[in-house]
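Enquirer: Here is what each chain is made of, one letter per residue.
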Amino acid sequence: GEDVEQSLFLSVREGDSSVINCTYTDSSSTYLYWYKQEPGAGLQLLTYIFSNMDMKQDQRLTVLLNKKDKHLSLRIADTQTGDSAIYFCAERGSNYQLIWGAGTKLIIKP
Amino acid sequence: KAGVTQTPRYLIKTRGQQVTLSCSPISGHRSVSWYQQTPGQGLQFLFEYFSETQRNKGNFPGRFSGRQFSNSRSEMNVSTLELGDSALYLCASSLEAGSSGNTIYFGEGSWLTVV
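Protein chains in written order, with the working numbering: chain Z, -11 to 98; chain E, 1096 to 1210.
Please note: incorrect hints may appear among the correct ones.
Unchecked claim - Anything over 12 Å on all C-beta distances counts as not near chain E; from chain Z, calculated:
| id | residue |
| --- | --- |
| 1 | Phe(-3) |
| 2 | Val0 |
| 3 | Arg1 |
| 4 | Asn9 |
| 5 | Asp42 |
| 6 | Thr50 |
| 7 | Leu52 |
| 8 | Arg80 |
| 9 | Gln85 |
| 10 | Ile95 |
| 11 | Ile96 |
| 12 | Pro98 |
Unchecked claim - Estimated spans, in silico, between C-beta atoms of each pair:
| id | chain 1 | residue 1 | chain 2 | residue 2 | range |
| --- | --- | --- | --- | --- | --- |
| 13 | Z | Lys44 | E | Thr1133 | 38 to 48 Å |
| 14 | Z | Thr11 | E | Ser1174 | 36 to 46 Å |
| 15 | E | Ser1174 | Z | Asn54 | 38 to 48 Å |
| 16 | E | Pro1134 | Z | Val7 | 22 to 32 Å |
| 17 | E | Asn1172 | Z | Asn83 | 14 to 24 Å |
| 18 | Z | Thr11 | E | Pro1134 | 33 to 43 Å |
Keep in mind the hints are simulated off the structure, nothing from the lab. Model, not experiment: these values are computed from the prediction. We put the CB at the ideal spot given by N, CA and C, even for glycine.
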């Protein structure tokens, strides 16, 4: 069945780049998404990539998609304390619903 | 432009009661989806509505139901509440249903606690 996997934690130093990885199983996915969730809040859409693209850049965010390996990554340049949150990867499955990863908690060290 | 609005934001209910949650999508958006988020199960799809019709349904019991009105506002209802229904319920809106609905925005969620 459809499945999305991501590491549960990532710890980086302030100012460094953060790279959050995600793998998915549904090769028919049309869109892949990155959402950010801060404590007690809803989901904030960070960026998305269409499946026929391999890269998308938006200010400090870079999304890389390796469709052959079904691997998606989110790079956050110059990581700041305000980037502390849980980051969710999601694919739009064959039934158009979003299939979610478990979320990666990004921890920023001073 | 207002975002996705969910009400109420927090509520406490007793086992056996029922609850109705409301979602107003972004103006112009016609597709509304609902998701349940719990620490144990993560984010799970409940259902999706488009033009007042349920297009997709997740793997939840019949106690979970929803509807969409002509103005695209949506409600979800959970009857005979169980302790395990305690969760954050998130509503998402997008312009269209299906593969053309690429930007999906979420509300702040409704925190339901069942005691």
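Enquirer: Work down the list of hints and note, for each, if the structure agrees.
Expert: Status of each hint after checking the structure:
For Phe(-3) (chain Z), the shortest C-beta to C-beta distance to chain E comes to about 15 Å, beyond the 12 Å cut-off, and the non-interface label holds. Every beta carbon of chain E lies more than 12 Å from that of Val0 (chain Z), the smallest distance being close to 23 Å; the non-interface claim holds. Against the 12 Å criterion, Arg1 (chain Z) stays outside the reach of chain E, whose nearest CB is about 28 Å from its own CB. With a cut of 12 Å on Cβ distances, Asn9 (chain Z) stays outside the contact zone with chain E, its closest approach being about 17 Å.
Even its closest Cβ contact with chain E, about 17 Å, leaves Asp42 (chain Z) beyond 12 Å, as expected for a residue assigned away from the interface. The claim that Thr50 (chain Z) is not at the interface with chain E holds, since no C-beta of that chain comes within 12 Å of its own (minimum 19 Å). For Leu52 (chain Z), the non-interface assignment is confirmed: its Cβ lies about 18 Å from the closest Cβ of chain E, beyond the 12 Å cut-off. Distance check for Arg80 (chain Z) against chain E: the nearest CB is about 7 Å away, which does not clear 12 Å, and the non-interface claim fails.
Its closest Cβ contact with chain E, about 4 Å, brings Gln85 (chain Z) to no more than 12 Å, contrary to its assignment away from the interface. No beta-carbon of chain E is positioned within 12 Å of the beta-carbon of Ile95 (chain Z); the least distance is around 18 Å. Against the 12 Å criterion, Ile96 (chain Z) stays outside the reach of chain E, whose nearest CB is about 22 Å from its own CB. At the 12 Å boundary, the C-beta of Pro98 (chain Z) stays outside the reach of chain E, the nearest C-beta of that chain being 28 Å off.
Against the hinted window of 38 to 48 Å, the Cβ-Cβ separation of Lys44 (chain Z) and Thr1133 (chain E) comes to about 31 Å, which falls outside the hint. Judged by the Cβ atoms, the range 36 to 46 Å given for Thr11 (chain Z) and Ser1174 (chain E) holds: they are separated by roughly 38 Å. Between Ser1174 (chain E) and Asn54 (chain Z) the CB atoms are about 45 Å apart, so this pair conforms to the stated range of 38 to 48 Å. A hinted range of 22 to 32 Å for the beta carbons of Pro1134 (chain E) and Val7 (chain Z) is consistent with their spacing of about 25 Å.
In this structure the supplied range 14 to 24 Å holds for Asn1172 (chain E) paired with Asn83 (chain Z), their Cβ-Cβ distance being about 22 Å. About 22 Å separates the C-beta atoms of Thr11 (chain Z) and Pro1134 (chain E), a value inconsistent with the hinted range of 33 to 43 Å.
The structure fails hints 8, 9, 13, 18 (numbered hints given earlier, in ascending order).
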